[in-house]
Each structure stands twice: as structure tokens, then as C-alpha cells.
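Number of protein chains: 2
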Amino acid sequence: MGTSTKPAKGMRDLLPRQMLGRERVIETVKSVYRSFGFEPLETPACERLEVLLGKYGEEGDQLVFKIMHRGEKVERALASGTAAENDVADMALRYDLTVPLARVVAEYQHELPKYFKRYQIQPVWRADRPQKGRFREFYQCDVDVVGSTSLTVEVEVASAVATVLERLGFLDFSIRLNHRKLLFGLIESAGIPATLEGSALVAIDKLDKIGVDGVRKELSGRGVDGLAIDRLVQMLALIEAPQDAMLDRLLDAVVGSDAGRVGVEELRTLVRYAAGTPAGRYFRVDPFLARGLSYYTGPIFEVAVADLAGSLGGGGRYDNLVGMFLGRPIPACGFSLGLERILVVMEERGMLGSNETVADVMVAVWDEASIADSIALAGELRAAGLRVDLFPDLEKVGKQMKYADGRGYPVVAIVGPDERAAGLVTLKTLATGEQRQVPRVDAGKAIVRG
Amino acid sequence: MGTSTKPAKGMRDLLPRQMLGRERVIETVKSVYRSFGFEPLETPACERLEVLLGKYGEEGDQLVFKIMHRGEKVERALASGTAAENDVADMALRYDLTVPLARVVAEYQHELPKYFKRYQIQPVWRADRPQKGRFREFYQCDVDVVGSTSLTVEVEVASAVATVLERLGFLDFSIRLNHRKLLFGLIESAGIPATLEGSALVAIDKLDKIGVDGVRKELSGRGVDGLAIDRLVQMLALIEAPQDAMLDRLLDAVVGSDAGRVGVEELRTLVRYAAGTPAGRYFRVDPFLARGLSYYTGPIFEVAVADLAGSLGGGGRYDNLVGMFLGRPIPACGFSLGLERILVVMEERGMLGSNETVADVMVAVWDEASIADSIALAGELRAAGLRVDLFPDLEKVGKQMKYADGRGYPVVAIVGPDERAAGLVTLKTLATGEQRQVPRVDAGKAIVRG
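Residue numbers (this note's numbering), protein chains in the order written: chain F, 56 to 505; chain S, 56 to 505.
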């Protein structure tokens, strides 16, 4: 045949052993988000080209997978010899879940509730150069509240995220918390001119990676004067302040900046609101958390664990993005869980229960005359709540046992002619080799009890 | 702005009210399939072009959505002025879940278990002309057993499907059951020559739609001689035979055909195996069920309900398809549930519980000083197992009540200053207007009890 059977470049097949942990994580996310009153949304994999292009910067546009026109249209365009890329394509694959959300908010504005709380767990596609742990198709797992400027929204979103992580078994994470206005206030108070704010933000964003000296060098290279750099670096030392004194110290540092004061006050309110919530337990104010994306307008947060360089997810308030198709600002606050990273960390830490078996019991088949009974027994055991595999072929029982063992099934059940005559089932526990006979009506319970 | 915010042509946004029923159906499918020992598989949305093209016939190939090369490659191809469609594209969107299964079976042949039982629930894309109830993106929901020729597999697959439908609340469906070899045996016994078998199959497949006279006309148009047509039409009357006599009558009808006899014998075995299973309750032998796809090699089935012209799904044995990339036959039997159709029927019959509410209770906010307590109360109620929405903004309580009512939330909970001082929560049942105060620690239980 010769056709390669590998998945397309940068994409993955998710075999059952990968899917099982994955589905458990997704189910946990959904059930927690639902308990917070969030509702599910799905949008098509394909969007019209004009919906996506121009939304992710020039670099982003180049990473969008475009879908060709069909039939005559594309033939005509190609034959013209002067076709541009966008003459040949009319759609593109979803690049994130935020632009589709903005589109949905605009399209269904009269149907959606005043506060639209939605979660969306779907794959997105980006034509990145594939590298270790980075794929061209990956799931995003977003939760957003659209329609309110209240800080209760931030607390609810962060609480939902903290509850998901606790439920998954994470106990050692922190939610780094900052406010875009505080960050601008610090930059302003250091004496960095407004025109260089963006550059300063980019430099500060790298603090974790390049350290204080790196940030100093980067700021200098971007034209920030020495005195302002000194002041900013002095402020960076605030990171070491104890959490309970942090906000007071920050207020001192930004006292001359309107934005800075608003930022500190909102953080103070946020911390107070969150005191009795799951989020409150994990908040850690980090005044230099920047989060690359420039669209945030208020509080921002990022989930960190010690054994991962990046984050398990991040989010914040972005009041000017969701209204992009409506031409007016619509307040919103959200969080994107890094599903793929969560799975990597859980895998490495052995939190996924690697030895999970697919069935609680396998029903073996003794001979042709017993097959109908074996099938019926499988049904009875399922009715008792068990996951049951049925061996399909008439092979030697030893071979069937070996198969069950290889698949990690703990128990094999047999109804041969003797068992049938006596109304019994033979149960063999594979780990011990122990074998016992139980009345057929009790077989389910006997397996559950072990 | 001016950008249209409609979804791309032929595709749908699935808003929460559509998603809730959808997710419940999918969760039921997954949990039943798991109880039968099936494992989840996911494959990428995009496949390399060579994997998909040539697998679905010429007509199918034209319905494949192709994805363009990125960057320079595509620019060069377009500039050449002689680019063919396939020079510009390198991938395509998944068209079904069977070719990806065949690719996975080939690629991971040494890792997969001897019997690979997988379910796969993912969207597929086809550039069909959009029409009512027919979309360019839709979910397929497939279950297959790869690796065994045993008829126990048919019974297990059909039982799993029957259990799903029962669990969803369908009680009036039938599983029409036939065997490709029996169908060929009937055609052969009628005296239709082997070269016209395919044409006869196509005509018989339309029996439901065009009736006996239509089939007669169609056969005649395709060159089947009158005597053979008479014999076949006589056989069509067998459909009226009582189920328990059906297989005997069929054996008489095909006694001269080897294939026909094998078909009847296998159906007999299948019915015997299924006697004690959910599938057995719904089987109805239908000797002229053809199922369009020519790749079936053994038993075939299709789920029918009275109020739907098409089927809720279908499947059967196809021993020559899954091995397409390996160049050798690999036995397989599977079933594809028509998720979208199931949802349409459930919707029409009111089986989806249209008035489902997103939250069991909404916590209102009384004043600024009560916000932290309201947030904490929401958390306590969630810990008690409730789905809780929190009203975010400080609006008049009447307005908050109205919002809760509009959203269909049954209960609103309030902690104002009086409640806080007394350790109480006010609960208002919106349907009756009844209002009561309960100790805060008991609020969750009180709402659950109603």
C-alpha cells in the first residue's frame, strides 16, 4: 500500500491509555464548572476567514490553517495564475476559543442571558513548528463570564479553577494574582514614560526566565533611562515582602499613580471577597506577573506549580475584547486551563492511576453450547454495575486467561456445562489464581466485594 | 465592523440549551460503551490528503474539505499558475471515523490488544450542499470491535446500542437485522445474474421509499429480466412472515445458494446468542434490509423508530475495510449511532427535559458589606452538592429575583445584614413566592429537600 499511517505532522492520535485520564480530567472540569452555574458552548471547527484574520496579529495570522474553496471556485482561482492565498480559501480552523465567543456574543446578543457564563472545551489548531510537548492540534478549556464588571466574577472564576485543581488532586499550586492597572502604576511610578510602557511590560514578563539583571539589560536596550530602571528594580524587591504586608507596600509604591491606586484597591477587595473561598486559599499577590497578552484590563491570574516552568493556566479581566464584533466594549473575565499541561504534570506525578483497567471482569467462553449463556452472564454482570468484557473467540481457556491477565482484568468469570447445570459461575481472581464458585445470581455482588 | 457573525455556511453554534441535552446523550453513550469494555479513541481533525483521498469514491472525494499548505509553499504553487488543487493542499478534514480507525489499526498494530474495542465520538466534515437537518459539521458516534470473526461480537455491539437507547428512554425501537450473504442468496435464487447483483441491491435498498412497484420498475430499468423480477417480488412478500417462521421460510427460499444458506445459519445463531440480551428484545429480521454501503460482509443492522423516516443508526460486519492500510483483511464489526438524529427525535418527543435549569439556586447580593458572605454561601451550597449561580452586580433585589426567575432558577438565597447577625439564610422559592429563614449551616439541605 505504502501510504504512511502516521497522524498528520504535529498532530496526535489519542489512544485509549491516553484518553482515559484525559476524559476523567475533562469530566471533572465540566462537573465543577456546572456546579458554578456555567453552561457549555460549542462552536464549529471552521470559521469564515474574515472572522479570524486580523485578530491575532501578523504572526498569528500566519499560523492559521486555511480551508480551500471547493470545486469550480478553486479551479477558476488556480487557473487565473494570479490567485492570492485568500482567493483560494474561504474558511480557517479555529485558532482559539475567544474570537468564537466574541462572535457568539454578537450573533445571539438578544438570546443570551445578561450574564453569559460559559465553558468551552474544544480543540484549536495552530501551524506552529512542532516541537516536544507542543502540538498543532490541542484542546483549550476556557471558562468566561460575560456582562459584568463586578469583582465577584473574578472570585467565582478563580474559585472554580481552584476547585477543579483540588478535585484533580493538586494541593500545592498557587494562583498568582496581579492587576494590570497596578502593573502600569508601578511602571508609571518608576518614571518610565507612557510610550515605553509596552516595552517595559514585555521585559517584566520575562522576569521569571531572565532574572533581575536580565530585565535591567532588556529595559536599557529598549531605551528606558538608568534612573527609572533603578527605581523599577527597587520595586521588584517587593516580591519578597510578606503577603499580608504586600498590598500596603504596593500602595506606598504607586501612591502617585491613579491607575496604580485603583489596581491596589481592587486587589484588596478581591482578596477580601475571596477569603472564604477555594480561591482565597491559593491566592498569592505577585505585582510583576504580566501575562503576555495585552488585552487584559483588570485583575490577572496564573496558576503555578513548583515542578512546571510554565503555568497550568491563566486568565483575567478583558473588558475590550468580547465586544469586537459589536463595536462596543463588553466586560468579561475568564480563565483558560492548560489541559495538555495539566495532563503532563499529572502523568509525571503518577496522579492518573496508570494501571487503570478497562473492565472489572472478563467473561470467558467455554464451548459453543455455552456461548449464549456467557453472553447473558455478561449482561447480568453489567446490570450489577460492572464493566464487563466478553472474550469473543472459542480458544483454549488458558489462552483466554492469559489475554485477561495481559489486559489487566482482575477477574475472569466462566459458565461451562457443569456451572450451567448447577446454576453456578466460576470466578477466578487472576492476581492470586484463587478460584471459587458462586450462585449465578450472586456473581455480580461477589465480584464487587472482591 | 460589518463582519457577519453567523457561523460558517452549513455549520452550527451549539448554544447551552442545545449542548445540555447533547452532553447528556453523549455521557450516556460513553458510560454504556464503557460498561461493555469499549475504550475511547480520538484522532486528529486533519489527516494527510493521501490518507483520505480515494477512500470514499469520486463523489466523496469532492466533499472533502482540504487544508492549504502554509507560507512559501503555497505562494510558490499559486505563482506557478499551473497549480492543481492538490498541489496547494496537504491535509483534509476527517470525513468519517472509519478511515482514521483503519489508519490507527495499521500504525499501532503492535500496541493494540488482539481485540480492539473502541468507541469514538467526534465531529466529521463534509462539503455537502447544506439543507434542513443536514450540516457540514456533525458528530459521528462509532463503536467497533476489530480482530474477531465471532458472532458474539455482533451481539455485544447490538446489545450495547440497545442499552444506550433504553437508557435514553427509547422503548419503541426495533433493530432491523439482515445478513449480506442472505441478501445475495435471495438475489441469486431469484435468478438475477451476478453482474446485476449490485444494481439489484440498490433497487431493493429503496423498497421503503418506492414500494414494491417502484422496485419492480427500477429492476426492469436496470436490465433484470421479468421472470427474475417476479421471483424477487414474490420473495419480498416474505417480509410479512411472522418473525419466528421467518428464518425457516428464508432457508427454503435460498436453499440453492451457498451464500444464502450461510447467511440464514448465521442469523439463526445470532438470534439464539442474543436471546437473553437487550439486543434480543429488539431484533426484527428483515431480509431486504440492504444498507447502502457496499463494504458490509456479514450481518447488518439498522435501528428504526416509527416517527423517523431514516434510521437512528446502523452497522454490521465489514471484514475487508479496516485492513486497507495493512493490505490484508482484518475482521471488524461496528455500529454508528446517528447522534444528530437521536437528538432531533428526543427533542420532538420532549425526551430532553426542555425546562432543565442551569442552577439549583441563585445567591443574591444584598449590599456591598454582604458580598463576601454571599460568595462564601455560594461555596457552601456547592459543597452540599448544589449547582449555584451568584448574581454578580449590586442591583435591586427585585431585579435580581426577576433575573433568577427568567433563568428558571427555582430558589434564591439571601444573606443580608440581619441574616448574617442571626446566622440565618433567607430562601425564596420562586414558583410559590414562599419565603423562609433557615440556619445557614442547614441551607444546602433545606434547598435539596425543597
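Warning: the hint list may mix true and false statements.
Identical copies look the same in the list; a pair holds intra-copy or inter-copy alike.
EDC-like mimics (lysine to aspartate or glutamate), calculated; alpha carbons at most 16 Å apart, straight line [claimed, not checked]:
hint, residue 1, residue 2
1, Lys128, Glu140
2, Lys61, Asp145
3, Lys110, Glu166
4, Lys264, Asp473
None of these hints come from the bench; they were simulated from the model.
Evaluated hints:
1. Lys128 / Glu140: Cα proximity of Lys128 and Glu140: in one copy and across copies (13 Å, 11 Å).
2. Lys61 / Asp145: between (28 Å within a copy, 14 Å between copies)
3. Lys110 / Glu166: Neither. Shortest intra-copy (25 Å) and inter-copy (42 Å) distances fail the 16 Å Cα cut-off.
4. Lys264 / Asp473: neither (70 Å within a copy, 51 Å between copies)
In summary, the numbered hints that this structure violates are 3 and 4.
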